[in-house]
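Chemist: All letters in the sequence shown, in the order written, are residues -29 to -1, 1 to 576 by mature numbering (1 follows the signal peptide of the UniProt record, and there is no 0).
No lab work stands behind these hints: they were computed from the structure.
Treat the hints with care, as some may be off.
Unchecked claim - Simulated pairs of lysine-lysine, DSS-like, Cα-Cα distance not exceeding 25 Å:
hint : residue 1 : residue 2
1    : K167      : K198
2    : K279      : K317
3    : K125      : K62
4    : K513      : K317
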Amino acid sequence: MVRLSRWRAGRRAAAIGVSAMLAAGPFVAAPAQAQEQQPTVLRVALVQDIDHLNPFLASFASSSMIGRLSWEFLSLPSAEDATPTPGVAEKWQPSADGLTWTFTIRDMKWSDGKPLTANDAAFTFNKIMNDDAAAEANGNFVENFETVTATDPKTLTIKLKKPQASMTALDVPIVPEHIWGPVKDIAAPETDTIAKVGVGSGPFIITEYRVNELVRLKANPDYWRGKSKVDELQFLRFDNADAAVSALRNGEVDLINRLTPTQFNALQGQANITTNNAAGRRYDELLINPGAQNAQRQPIGDGHAALKDVRVRKAIARAIDPQVIIDKVLGGFGEAPGGIVPPLFKTYHYEPGPNEKYTFDLAAANAALDQAGYPRGADGVRSGPGGRLQLRLVGHASRDYDQRVAEYITGWLREVGIAVEKKLVSDNEVDASTSAGTYDLAISGWGTNPDPDYILSKHTCGLLPASAGSTSSASFFCDPEYDRLYGEQAALLDQGQRAEAVKRAQARHYDQAPSLVLDYKNVLEAYRSDRFSDFPKQPAGKGSIMEQNGYWGFYGATPAGQGGDSGGGIPVGVWIGGGAVVAIALVVGGVALARRGKTADEDKE
């Protein structure tokens, strides 16, 4: 019995049976309180939009994080070391040939009191398998599924086309059939409303959604691991990290991540604030449009023709110095790049050898462009078979990282005869451009799972879009050799053999350079220690609070004192009471709530 998870537990319950406490893992349920207390509210700053609350469509890191709190998976990565731990499924077993997996569903119920059964899980997977719209966020998980059936209310059977090593890493929120079954158009805007997303099975249940402002969740009193010590979660949207940091300093939010090095250093040692620096699961990258196409292999978008030539893409890779980015932009809070699986997951991480690695070498980059048939013109800009090397670089205007990296890239590429036009735009526009193939270069990034299948799958031909603007592909990469290597690793159940195959697939991607990893960014977080004394981290003790989508960190948060609201925050009733009070509170802190903008993340950025 095996499975992956990204989180950790903690809870308070008036009464929990002995078996429930044993199943719940490392956290011990807190005793019932003898007297009424103020609800404990954990306010989390988001410098990122919510694309969808509909779990079939949600792909942004922020949206996925909220979804994982609301709808339990079959199994999760544990908080301790990311090994598989039970969720909706209390146990699972593959057949001898690896083609049939049987999951035993635990006794649990939805937040509206109806029982959760194998029928709900079968409905979820079949909906993704048979409805293109429902496959938007998680379609890659079911591509190898032959059939999914509920043989009885407790038993889910998944038959595969070929063995699949990632069956203990199906990061698919299981949804209630009685809520989602009647929905005819899974992509309709109303599927993001509380009427649809307000029934769940996770540690928290969504109760309010105000676009670009607030998502509120309440603790699920019937959660199978036990009720959280946190009564309510509020995710508050800010325009930028500076505004969020100001809110943290003023006690208007309790937890923030994705700090810049400058912000992180400034917060260290401040009264009532604790900082956390941990290795991360994310990488920053430069997308190099290899010739965007749809699933029918028809060209889409308007990427520069020269970038279809792998020699040009490799020359660009050699003209960029990741160490400067790590030192100057990340302030040293990062690791040098290799493959698309970060070193945090060392079993599957690929590190290119000295003959393969793209070392910063402007002379070599210039020579490669000469050999590719792109001589310099009188103005120093190169031209060749694909036209004049004048490229657009798309990035997020809201991110300090993008702004600074764009300056470096522009300068480096100018040195090798490539003119670059910076286009720093809204998050929405970045996402629209990179989904439609209307870019040449783009600053992006992804968060990865402990199991490598997800991030590897994002670069397969099967993830090319049916039409422009709806892609699930990370880079429009479509390469038969990469697909062969991806398929090889996916079928290997022996971890050692699979790890080698995973590295071979990454080596092929690295060699073809449809994107270039720029760095593995450390996780820089901070929280109000006067309101919360501790947050579980993943991996235990040395990891991050929010980076693995926050599940264990939010669920296991320990309030300061006896767990009540220790003051200094916006009480629950203020948020219920209306927008006027909210506006006053935020203006006092110098904070303005965000306008629409998008940063996708695994979880795409």
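Chemist: Under the constraints set out in the numbered hints, which ones does this structure not fulfil?
Modeler: Violated: hint 2 alone.
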